[in-house]
Structures are given as C-alpha cells and as structure tokens.
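Colleague: The primary structure of each chain is shown beneath.
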Amino acid sequence: MLKIENLHARIGGKEILKGLSLQVKAGEVHAIMGPNGAGKSTLGNVLAGRPGYEVTEGTVTFDGANLLGMEPEARAAAGVFLAFQYPVEIPGVNNTYFLRAALNAQRKARGEAELDSVEFLKLVRAKVKDMGMTPELLNRAVNEGFSGGEKKRNEVFQMALLEPRLAILDETDSGLDIDALKQVAAGVNALRSPDRGFLVITHYQRLLDYIVPDFVHVLADGTIVESGDARLARELEAHGYAWVRERRPAEADA
Amino acid sequence: MMATQPDELQAALSRRYDAGFVTDIEAFSLPPGLDEDTIHALSALKEEPEWMTDWRLQAYRRWLKMAPPAWAHLKLAPIDFQAISYYSAPKNRPKSLDEVDPKLLEAYDKLGVPLHERARLAGVAVDAVFDSVSVANTARDQLAKVGVIFCSMSEAIREHGDLVREYLGSVVPQGDNYFAALNSAVFSDGSFVFIPEGVRCPMELSTYFRINAGHTGQFERTLIIAEAGSMVSYLEGCTAPMRDDNQLHAAVVELVALERANIKYSTVQNWYPGDENGKGGIYNFVTKRGECRGDDSRISWTQVETGSAITWKYPSCVLRGDRSVGEFHSVALTHHHQQADTGTKMVHIGRDTKSKIVSKGISAGRSQNSYRGLVKVGKDAVNARNHTRCDSILIGKQCGSHTFPYVEVKNPTAIVEHEASTSKISDDQLFYCRSRGIGEEDAVSMIVDGFCKQVFRELPMEFAVEAKKLLEVSLEGAIG
Ligand SMILES: Nc1ncnc2c1ncn2[C@@H]1O[C@H](COP(=O)(O)OP(=O)(O)O)[C@@H](O)[C@H]1O
Ligand SMILES: [Mg+2]
Numbered sequence: 001m002l003k004i005e006n007l008h009a010r011i012g013g014k015e016i017l018k019g020l021s022l023q024v025k026a027g028e029v030h031a032i033m034g035p036n037g038a039g040k041s042t043l044g045n046v047l048a049g050r051p052g053y054e055v056t057e058g059t060v061t062f063d064g065a066n067l068l069g070m071e072p073e074a075r076a077a078a079g080v081f082l083a084f085q086y087p088v089e090i091p092g093v094n095n096t097y098f099l100r101a102a103l104n105a106q107r108k109a110r111g112e113a114e115l116d117s118v119e120f121l122k123l124v125r126a127k128v129k130d131m132g133m134t135p136e137l138l139n140r141a142v143n144e145g146f147s148g149g150e151k152k153r154n155e156v157f158q159m160a161l162l163e164p165r166l167a168i169l170d171e172t173d174s175g176l177d178i179d180a181l182k183q184v185a186a187g188v189n190a191l192r193s194p195d196r197g198f199l200v201i202t203h204y205q206r207l208l209d210y211i212v213p214d215f216v217h218v219l220a221d222g223t224i225v226e227s228g229d230a231r232l233a234r235e236l237e238a239h240g241y242a243w244v245r246e247r248r249p250a251e252a253d254a
Numbered sequence: 001m002m003a004t005q006p007d008e009l010q011a012a013l014s015r016r017y018d019a020g021f022v023t024d025i026e027a028f029s030l031p032p033g034l035d036e037d038t039i040h041a042l043s044a045l046k047e048e049p050e051w052m053t054d055w056r057l058q059a060y061r062r063w064l065k066m067a068p069p070a071w072a073h074l075k076l077a078p079i080d081f082q083a084i085s086y087y088s089a090p091k092n093r094p095k096s097l098d099e100v101d102p103k104l105l106e107a108y109d110k111l112g113v114p115l116h117e118r119a120r121l122a123g124v125a126v127d128a129v130f131d132s133v134s135v136a137n138t139a140r141d142q143l144a145k146v147g148v149i150f151c152s153m154s155e156a157i158r159e160h161g162d163l164v165r166e167y168l169g170s171v172v173p174q175g176d177n178y179f180a181a182l183n184s185a186v187f188s189d190g191s192f193v194f195i196p197e198g199v200r201c202p203m204e205l206s207t208y209f210r211i212n213a214g215h216t217g218q219f220e221r222t223l224i225i226a227e228a229g230s231m232v233s234y235l236e237g238c239t240a241p242m243r244d245d246n247q248l249h250a251a252v253v254e255l256v257a258l259e260r261a262n263i264k265y266s267t268v269q270n271w272y273p274g275d276e277n278g279k280g281g282i283y284n285f286v287t288k289r290g291e292c293r294g295d296d297s298r299i300s301w302t303q304v305e306t307g308s309a310i311t312w313k314y315p316s317c318v319l320r321g322d323r324s325v326g327e328f329h330s331v332a333l334t335h336h337h338q339q340a341d342t343g344t345k346m347v348h349i350g351r352d353t354k355s356k357i358v359s360k361g362i363s364a365g366r367s368q369n370s371y372r373g374l375v376k377v378g379k380d381a382v383n384a385r386n387h388t389r390c391d392s393i394l395i396g397k398q399c400g401s402h403t404f405p406y407v408e409v410k411n412p413t414a415i416v417e418h419e420a421s422t423s424k425i426s427d428d429q430l431f432y433c434r435s436r437g438i439g440e441e442d443a444v445s446m447i448v449d450g451f452c453k454q455v456f457r458e459l460p461m462e463f464a465v466e467a468k469k470l471l472e473v474s475l476e477g478a479i480g
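First to last, the sequence lines map onto chains A and B.
According to my numbering, the stretch in the first sequence is residues 1 to 254, in order.
According to my numbering, the stretch in the second sequence is residues 1 to 480, in order.
Where hints are given, some of them may not hold.
One-sided excerpt, in silico: chain B residues whose CB lies under 10 Å from chain A [unchecked claim]:
1) ILE438
2) GLY450
3) PHE456
Read the hints as simulated data drawn from the structure, not as lab findings.
Keep in mind that this is a model prediction, so the values were computed, not measured.
Beta carbons are placed, not taken as given, at the ideal position from N, Cα and C, and that holds for glycine.
Please build the complete structure, drawing on both the sequences and the hints.
Modeller: Okay, here's the thing in structure tokens:
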C-alpha cells in the first residue's frame with residue numbers, strides 16, 4: 001500500500017530524512033520509534049504533504065500512485081490520515097461542522113455522494129459510542145481550549161470518522177494518562193482491519209503494550225537503523241536508544 | 001514542495017463581484033452641480049414643505065464654511081462636488097408593486113431582495129430604495145396595524161412632518177462633520193421608522209440600497225425612533241453596480257431610543273470595491289449615530305463590510321440615559337486596493353452606562369484596514385464600563401492592519417478595558433484543514449468565518465447566512 005524508497009527531505013535548508021525506506025502493507029501496524037529530533041514527525045508531515053518540506057531524493061507511492069505529487073487534500077481523499085502531534089486550534093469553527101466538511105470534501109473528491117446532516121449525525125452518534133468520545137467536545141470549536149488529552153482523543157475520533165486507509169499517528173500517546181492511553185489504544189485497535197495500514201509514531205514503548213505492532217522500526221538521524229517485531233520495542237525500552245547507536249557500527253562491520 | 005509563493009497568492013486573490021450589473025431604466029436626473037438653486041430644485045421635485053427647504057439651505061450654508069476631514073488613515077483624491085448630480089429617479093413612479101417596472105424587480109431579484117409575498121412570508125418588510133426614490137414598500141399595512149411607521153424619508157417628510165421635524169438632526173446635527181452637513185443639504189431619500197410606546201416591531205425591517213445611475217451621489221438619510229419600551233431590529237443591505245468612476249455615498253443614520261427601548265441595527269454592505277488595480281468603486285462616508293436618550297435603553301450596531309473602495313464610518317452610541325447600553329459588533333474585510341477606516345465612538349454620559357465593542361478586521365491583497373475607536377466617559381458618568389476587543393487577521397504580506405484606540409475618561413469610577421490581537425491565517429491551521437481533505441479556499445473561508453463568529457451571532461439568522469456567503473465570495477482564491 002505505502003512504499004517509501006530512499007527518501008531524502010529537507011526543512012529550513014537542513015536535511016532531516018536521509019535515505020529512508022519503508023513499506024507498509026494493508027492490514028499491518030508499523031511502529032516507528034526513535035529519539036527526539038530523529039525526524040519522526042518530519043516523516044509524517046512529508047507523507048501528509050505539509051508545505052515547507054522539500055523532498056530532494058527518493059519516491060513515495062501509495063497504492064502505486066506518486067503520493068509526493070498530490071496536494072494534501074488529495075492525499076486525504078485517497079485515504080492518508082495524519083493524527084497530529086500538536087493539533088492546532090481553529091477558533092469559532094464548530095468541531096462537528098468541521099468534521100462534516102472534511103468528510104464530505106473527501107467523499108466528493110472520491111465521487112461519492114455527500115452525507116446530509118441527518119445521515120452525518122447518525123454516523124457521528126455511532127462513532128461517539130464506539131470510541132467513547134466525549135460528545136461535549138463535538139459542540140465546541142475545533143481543539144479550542146481542549147486539554148492535551150482531549151486534543152489527542154479528538155484526533156483519534158476524526159480518524160474513526162474519516163476511516164482512512166493509512167493512518168499515521170504522531171505521538172498520539174504523549175501527554176495521556178494511563179486511562180486515556182487505554183481508551184485511545186482501544187479506539188485504534190477497533191479500527192484495525194485487513195485493508196487498513198497504520199504507522200504508529202511513538203517515543204515510548206508504553207503505547208505498544210496496548211497497540212501491539214506487527215513491525216517496529218527505529219528511526220535515528222533520518223534513516224531506519226533497525227527493524228524487528230514487537231520484541232524490539234521492549235529491548236529498546238530496556239536498553240535505551242543509545243543501545244541502537246552502539247550496535248549500528250558493529251552491524252555495519254559484520 | 002507545496003510551499004505557496006507570495007506571487008501565486010497575489011495572483012489568486014481575484015475577487016468576483018456578483019452584483020455588478022446596470023439596470024436600463026429611464027431616469028430623471030438633475031444636471032450635475034451644487035448651489036442654492038440645486039437645493040430649491042431638489043426640494044421642489046420632492047414636494048417638500050418650506051421648513052424642509054429652509055433646513056436644507058441652512059445646512060448648505062454651514063457646509064460651505066467647512067473643510068473635508070484629513071485625519072483618517074486614507075489615500076483619497078479630492079472629490080469634485082460640482083461634477084455630481086444630486087437627484088436621480090426612475091421616470092415613472094409607481095403607486096403599487098404591480099406598477100413597478102419589471103426590470104427594476106428583476107434587478108432586485110438578482111440581488112436576492114425578497115419582495116412580493118416572499119418578503120411577508122420571510123417576515124421581512126422591504127423598503128427598497130432605487131437611487132433616490134423609494135419605489136416599493138411591502139408589509140406596510142401589517143405594520144400599520146400595530147402603529148409602526150415604516151416608509152421612505154420623503155414620504156415621512158410629507159405625511160409625518162411633526163415627527164421628522166422633532167427628531168431630524170437631533171442626533172447628528174447639521175454641522176456635525178463635513179459629510180453630515182452635505183447630506184443635510186442634499187439628502188435624497190432613505191428610511192423612516194417610528195415604533196410607538198411599548199410596541200415590539202412584529203418583523204425585521206429591511207432596506208436594500210442600490211446605487212444604479214452613474215455619476216450620482218447617494219445621500220441617504222435614515223431616522224429610526226423607538227419610543228419608551230419598544231423594540232425594533234433593522235437591517236440595511238447595500239450593493240452597487242461596477243463602474244470605472246468612483247461614486248460618492250454620504251449617508252446619515254440617526255437612531256433615537258427612549259426609555260427602555262431597544263434598537264438593533266445591522267448592516268451588510270457589499271458595495272463595489274473597485275477592481276484589482278483600485279480603479280472605480282464606491283466612496284462610502286457615513287455618519288451613523290444612535291442616542292440612548294432614555295434610561296435603560298439599548299442600541300446595538302452590527303456591521304459586515306466587504307465593499308466600497310473607501311469606507312469611512314464610525315457607527316456610534318451616545319449613552320445619555322442612566323443604565324443605557326451601547327454595542328458595536330463589526331466585521332470589515334478589505335481586499336485589493338480597498339481602504340477602510342472604521343470603528344465606533346461610545347460616549348458615556350449617564351450613570352452606570354455600559355458599552356461593548358467587538359471588531360474583527362480581515363485584510364487581503366494590498367488593502368489597508370484600520371480600526372479607530374473612541375471611548376469617552378463624561379464627568380457625570382459614574383460607574384461607566386467599556387470592553388473593547390479588536391482582532392485582525394492578515395492574508396498575504398502586502399496588506400496592512402492598524403488599530404487606533406482613543407480613550408478619554410473624566411470620571412474616576414470608570415472601567416475601560418481594551419484587548420487587541422493581530423494574526424496571520426496560520427499555515428498550521430490551513431494545513432490542518434487540508435490534511436483532512438478540505439481544499440485551500442474552503443479552508444480559508446472556514447477559518448475566517450470562525451474568526452467572525454462572535455459578530456455573525458449578532459445578525460438575524462438569514463442575514464448571518466448571507467454575510468457568510470459574502471465573505472466566501474470576497475475571499476475567493478485567497479490563499480494564506
Ligand atoms: N521548520 C523547521 N525548520 C528547521 N528545522 C526543523 C523544522 N522543523 C523541524 N526541524 C528540525 O528537524 C529535526 C527533526 O524534527 P522532527 O521530525 O520533529 O523530530 P521528531 O518528531 O523525531 O522528534 C529536528 O532537529 C528539528 O529541530
Ligand atoms: Mg515529533
């Protein structure tokens with residue numbers, strides 16, 4: 001579904017991604033771990049099409065199409081979703097209104113019929129129940145005055161409603177207490193399906209106790225330096241990121 | 001890779017003007033020029049009583065001694081007052097709606113003015129002003145039943161002379177300012193509203209102004225009187241066709257609220273702003289003032305301004321009655337070469353008076369958008385309160401936003417608060433919307449609409465929808 005090959009990307013004149021390759025198939029959950037500043041958010045942003053990032057080398061295809069050539073809104077319609085590390089506030093714009101505009105814009109782009117307000121509210125109600133979302137948050141302005149945890153839950157709720165094919169979660173666990181973390185993980189697990197892929201970016205292993213990944217990758221200094229299964233995350237937790245760095249030259253020698 | 005270039009941005013900031021058509025109707029106009037003979041002729045054409053002619057002449061003589069204001073933050077070519085025609089009217093004046101020229105009705109139709117039965121069903125009484133003469137007036141009978149008078153100013157002068165004589169110029173005196181003096185001398189038409197004691201006006205009153213003939217100055221004069229305990233909500237909507245020359249609009253609006261009366265005055269203004277190069281467009285110099293003359297009265301101005309080449313306008317409240325309340329809610333959008341200098345004056349005279357100001361400025365293109373506000377607390381205004389909130393957003397890099405808050409306090413018990421912010425439509429907000437599938441243009445209008453929410457909430461429902469649409473059209477292609 002997603003195929004990243006030798007991706008190099010710069011921001012503010014500085015090269016952050018330095019030849020990253022990664023493949024995500026439908027139905028798979030990939031965790032990306034790595035120290036602060038490694039380029040994890042950069043990867044998510046480049047995939048979602050955030051302006052300001054310059055791709056200097058490499059390719060990214062999504063279902064065979066050149067993802068890098070698409071506008072952000074076209075990527076969304078194609079099924080790419082990024083749950084932001086720092087969701088932005090949009091004062092005065094009602095959260096439900098925003099969601100409906102988003103869903104209908106995507107449906108329109110895909111040539112599907114738009115939902116009228118009755119159909120949409122029905123869908124929202126069902127998702128609120130599934131995701132254990134606080135309905136009150138839906139009547140407020142998008143993220144305005146939300147706590148850190150509420151913002152993250154709102155992101156996961158958006159994901160549930162938009163039903164993307166590839167969901168990228170950027171540190172959706174950070175700033176959550178254990179109960180909120182469990183709730184968010186349950187939400188994500190409920191969405192796991194054979195035709196959906198996940199890229200779960202996290203700094204801590206903790207989240208992966210609840211969202212058990214099929215693959216774990218360590219991102220350091222702009223490339224993937226180590227890949228493995230869920231056990232890799234636990235080893236990382238035990239030894240720290242320094243451990244990966246130490247192993248790297250050894251492997252290169254071998 | 002997707003970075004938006006400033007040049008692209010400017011190129012994309014093209015604006016469509018939907019109301020830019022000219023109606024082909026035979027008009028009767030006075031030749032251009034202004035002197036005492038013009039005023040005599042004008043007054044005679046309008047079949048005015050002698051006191052009215054004298055009042056106009058008095059204003060004209062004052063105006064001759066005055067100089068145009070120079071202090072506003074505006075670039076402005078001198079106006080040649082001798083090149084303007086001071087009277088223009090459709091030739092055949094209709095007696096009822098059936099006699100109204102179909103072309104005229106069609107013009108209103110294009111503007112979406114709800115005339116005929118639609119108006120009554122929608123609960124809107126429309127007093128449509130076509131250039132200088134009020135040609136159609138709906139729902140008047142229904143209003144008459146409860147004693148509400150809603151008619152053109154010309155008619156009021158003829159039929160309700162005593163009321164007009166008592167209140168005209170009592171809020172905005174003839175010599176108040178240059179344009180008010182000019183208006184007092186040559187005002188053409190406008191609306192007159194009288195709400196008798198204790199009556200809640202049963203519907204929204206609405207007037208659409210349309211400036212049709214070229215080279216005509218429109219000098220609208222509106223007077224609203226709300227007697228003790230009464231209540232009225234009035235909406236004014238404005239558009240003008242596209243022309244290359246600048247047209248002058250110098251209106252005066254006076255509101256009088258007696259004890260416990262409540263007047264809500266809303267404006268959605270969409271006059272031709274001129275093209276991308278700043279050619280053409282309406283010069284809008286308006287004096288709007290409401291006086292809370294009685295205790296416990298309230299006047300609230302709400303305006304959404306997207307049009308005019310130049311806007312110079314400060315709807316104000318004089319809070320004379322004790323415990324009276326004045327409010328000003330404004331959204332002003334400027335684009336291309338538009339210049340707006342708007343704001344409000346709140347003058348606290350009575351005890352325990354309160355005022356609230358919410359101003360939202362949106363600047364795009366090479367436009368200049370200024371807020372100018374004055375809060376004045378007199379020496380007897382014990383416990384006066386004012387809260388001002390002034391936010392601006394900038395779209396692109398070549399526009400400007402300016403805030404000039406003035407405060408004059410002569411009573412130590414007053415509390416005057418001012419909050420201000422300026423921001424750009426943030427790239428983060430825009431990207432957030434786009435990453436959810438919402439296209440750039442829709443994202444911009446959504447963010448701007450959210451920014452204006454606080455003001456839109458004050459508008460009657462159907463006009464809030466209209467205002468929102470207006471902003472969308474005005475921002476078409478605007479990319480942050
Ligand atoms: N706009 C920017 N301009 C310059 N450098 C940036 C910008 N955004 C991020 N960076 C830098 O890119 C590097 C990677 O950042 P990021 O992808 O956010 O890392 P992570 O999410 O792994 O913590 C950091 O060194 C950060 O300072
Ligand atoms: Mg990050």
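Colleague: None of the hints should be skipped; say for each whether it holds.
Modeller: Consistency of the hints with the structure:
Here the hint on ILE438/B is kept, as its CB sits about 5 Å from the closest CB of chain A, short of 10 Å. This hint holds: GLY450/B has a C-beta 3 Å from the nearest C-beta of chain A, less than the 10 Å allowed. At a threshold of 10 Å, the smallest CB-CB gap from PHE456/B to chain A is about 9 Å, leaving the interface hint in force.
Checked against the numbered hints given earlier, this structure breaks none of them.
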